[in-house]
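Starting from the structure of chain Y, add chain A where the hints point.
The primary structure of each chain is shown beneath.
Number of protein chains: 2
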Amino acid sequence: MRVLGIDPGLTRCGVGVVEGEVGRPLRLVDVGVIRTPTGESTPQRLVHLERAIDAWLEEHRPQAVAVEQVFARSAVSTVMGTAQASGIAMVCAARRGLPVALHTPSEVKAAVSGNGRADKAQVGLMVTRILRLDAAPKPADAADALALAITHIWRGGARRRIEEALEKAGR
Amino acid sequence: MRVLGIDPGLTRCGVGVVEGEVGRPLRLVDVGVIRTPTGESTPQRLVHLERAIDAWLEEHRPQAVAVEQVFARSAVSTVMGTAQASGIAMVCAARRGLPVALHTPSEVKAAVSGNGRADKAQVGLMVTRILRLDAAPKPADAADALALAITHIWRGGARRRIEEALEKAGR
Chain Y
0 MRVLGIDPGL TRCGVGVVEG EVGRPLRLVD VGVIRTPTGE STPQRLVHLE
50 RAIDAWLEEH RPQAVAVEQV FARSAVSTVM GTAQASGIAM VCAARRGLPV
100 ALHTPSEVKA AVSGNGRADK AQVGLMVTRI LRLDAAPKPA DAADALALAI
150 THIWRGGARR RIEEALEKAG R
Chain A
0 MRVLGIDPGL TRCGVGVVEG EVGRPLRLVD VGVIRTPTGE STPQRLVHLE
50 RAIDAWLEEH RPQAVAVEQV FARSAVSTVM GTAQASGIAM VCAARRGLPV
100 ALHTPSEVKA AVSGNGRADK AQVGLMVTRI LRLDAAPKPA DAADALALAI
150 THIWRGGARR RIEEALEKAG R
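The listed protein sequences correspond, in order, to chains Y and A. All residue numbers for the first sequence refer to numbering that gives the first Met the number 0, where the first residue is 0 and numbers rise by one. All residue numbers for the second sequence refer to numbering that gives the first Met the number 0, where the first residue is 0 and numbers rise by one.
The set of hints was computed from the structure by calculation and includes no laboratory data. Be careful, since some hints might not be right.
As the list claims (entries may be wrong) - If you want the footprint, here are the derived chain Y segments under chain A, 3+ residues with CB under 8 Å:
1) 18-31
2) 88-99
Said to hold, decoys possible - Partial list, computed: chain A residues near chain Y (C-beta under 10 Å):
3) GLN62
4) ALA92
5) LEU165
6) LYS167
Note that CB positions come from ideal geometry on N, CA and C, so glycine has one too.
One chain only, chain Y, in its complex shape:
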């Protein structure tokens, strides 16, 4: 299974593609950060972001897209831009008929490190180990995007196994 993880943002949007199955080593396909010009208007920046995400989908042809769930509770001034960027990410994927899953930051932290309150450094370290990289992907948004993709493969795999077990038990 090939998954594109997206850590949405207007200034920096992390994107990472991971391939693999539960119980087997996962493989990094590509990772990067989409930046949009801070001097431009939000609508223009969203158009940049849309084109860049479309290019990633076109190039890597993932089977699913995992997007970080944005919450309103943070009073940070960037939260609206992040929410708008996440809307663009979702629409780009859904338009192509791809399944889109939203994972919360604590789900992702728990999945890759076993601790829902892990810090950025811990997440980066675990992503590095899981994908057998030489160094943690920089910036943190890139590592977060990979962590999202890893979470999606693992959680999806676990769900499939449970469903298979239930089906077997039902027979």
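Frame of chain Y, contents of chain A only:
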């Protein structure tokens, strides 16, 4: 000048097209509400919204789009959906090279009623009078979209007049 006003939302997105110039009676071109199925996932709903907004742009060919500015300060659970919907509205317009303006709710209320704290009923009443309608457009989201378009025409017109006056004074 023809302006499409958009009051973004996932459950109800108000859309209203107004035509006219400052100092002359404005004309209602079309008004409506885009609804997306509550039972569907957010990515699917955003795709519905995108298609519907694109259809409005295609049919009415506005010269500018005015979108209500969304703020994070409200703790309402719908604010993220509203922000995502506003992102879609902006991207649909910007992709076509149309200028997009964001107006705050109090700017809109002040422009149409003279009172930045006017309630929904007052805004509906003023929209009805300004566009010489028989009754206030329903639901409130539809009236709000028209109020946004009216605000945009009036504010833009005022700005142009000031610029012209300054230019004349400079000569």
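Hints, one by one, checked against the model:
For the region 18-31 of chain Y, the stated coverage by chain A is violated: 0 residues have a C-beta nearer than 8 Å to a C-beta of that chain, whereas at least 3 were required. Look at the region 88-99 of chain Y against chain A: 6 of its residues bring a Cβ nearer than 8 Å to a Cβ of that chain, three or more, so the hint holds. Taking 10 Å as the C-beta contact cut-off toward chain Y, the hint placing GLN62(A) at the interface is violated, the least distance being around 15 Å. For ALA92(A), the interface hint holds, since its Cβ comes within 10 Å of a Cβ in chain Y; the closest pair sits about 6 Å apart.
For LEU165(A), the interface hint is violated, since its Cβ never comes within 10 Å of a Cβ in chain Y; the closest pair sits about 24 Å apart. For the restraint placing LYS167(A) at the interface with chain Y, the shortest Cβ-Cβ distance is roughly 29 Å, beyond the 10 Å limit, so the hint is violated.
Hints 1, 3, 5 and 6, counting from the list given before, are not met by this structure.
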